[in-house]
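Number of protein chains: 2
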Amino acid sequence: MKTYFYIASSINGCIADKDGNTPWSDEDNASFMAFCGKIGAVVMGRKTYEEYLTLPSSDWPNPEHTTVILTSRPSLPPNGFKIILTPDGPQGAVSVMSKLGKKEIVVAGGNQTWTSFMKEGLVDEIFLDIEPLALGNGKALFQGADFNIQLEFLSSKPLSPQTLQLHYLVKK
Amino acid sequence: MKTYFYIASSINGCIADKDGNTPWSDEDNASFMAFCGKIGAVVMGRKTYEEYLTLPSSDWPNPEHTTVILTSRPSLPPNGFKIILTPDGPQGAVSVMSKLGKKEIVVAGGNQTWTSFMKEGLVDEIFLDIEPLALGNGKALFQGADFNIQLEFLSSKPLSPQTLQLHYLVKK
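Chains as they are written, first to last, in my numbering: chain A, 2 to 173; chain B, 2 to 173.
Certain hints may be false.
Because identical chains cannot be distinguished in the list, a pair is counted as satisfied if it fits within a single copy or across any two copies.
[As the list claims (entries may be wrong)] Straight-line C-alpha distance at most 25 Å; calculated PhoX-like pairs for lysine-lysine: (1) 158 x 172; (2) 19 x 173; (3) 3 x 103; (4) 100 x 120.
Hints in this document: simulated from the structure, not taken from any laboratory.
Chain A extracted, bound-state conformation (with noise of 0.2 Å):
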């Protein structure tokens, strides 16, 4: 299984403002969306899973496939598309995925699963658009987990005049 992560953030690391808000440019959300549909795969986060009821389902980034949410929760609320719950983890979604045939997942946050993604040894891949943004208490992309972890940087391209794309693989 290839895992890419898929990530937007501030200059200074941070994913979303301290309100949880993720102000982020459209070529951002247009190229997060581009690249969902075109792996087919989706794992995310119970939480970034509930920010997503609250949004227009037209905002969702998997319609066409199946999304794997990590949850303990025995249910979650149905958002209209094809979701499958795993209480165990990174491991737990790489499993559900490849029952699927899937070979390439994206994970799309949040930072807890990023964080135990990276811990697991799981990430092959980072996609991180860094967009023209200095957050003073933002939540931060990776916490609550000692790893110092070797990347390769492969390119750079801009999504925007404001926006650019860093693109790294992950030394294993």
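Got chain A; can you put chain B on it based on the hints?
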């Protein structure tokens, strides 16, 4: 006074690992030293100054000109170079540099110092060197301040095949 931040960070906005180590590239360090030499006026916080006391004197980024240290202490151990202490925060540093005839300063960290300059609106441009590392529990670039500041992305350039420098203007 024109104020520049010169920062190196991991991809997730950490300016050091949890132990305070800064495992950045030689290219980042060379670029930082060259920029400090060009501007000839460096400001840093007391903790950053004390970090330099543990390093070879050849690492000192401002050997030719005066460096202003933000600290409430009446004295600090000398390091053999020209330093002036100010208890008056960013405004105090700017005032000292103005009296020395400086028109531009480089703020060289650490996170308390960068955060206080941001809070007081005393930064014009940001250079951010992004190193290919993901640090789980590192030191955040900004902390303890509730700002949300819009930047303008000016350019990016590779310092090496692995280190990318981003350059931003702070919108006012």
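Requested in this report: At 25 Å max between alpha carbons, let me know whether residue 158 reaches residue 172 within a copy, between copies, both or neither.
Outcome: both (21 Å within a copy, 23 Å between copies)
Report task. Have a look at residue 3 and residue 103 and pick one of within, between, both or neither, based on CA distance no larger than 25 Å. Result -> Within one copy only: 9 Å inside a chain, 53 Å across chains, cut-off 25 Å.
**Report entry** Intra- versus inter-subunit Cα pairing at 25 Å for residue 19 with residue 173
**Finding:** Answer is between: at 22 Å across copies they meet the 25 Å cutoff, but 33 Å inside does not.
**Report entry** Homomeric proximity label, residue 100 with residue 120: Cα distance no greater than 25 Å
**Finding:** So residue 100 and residue 120 pass the 25 Å test inside one copy only (23 Å; across, 51 Å).
The structure fails none of the hints (numbered hints given earlier).
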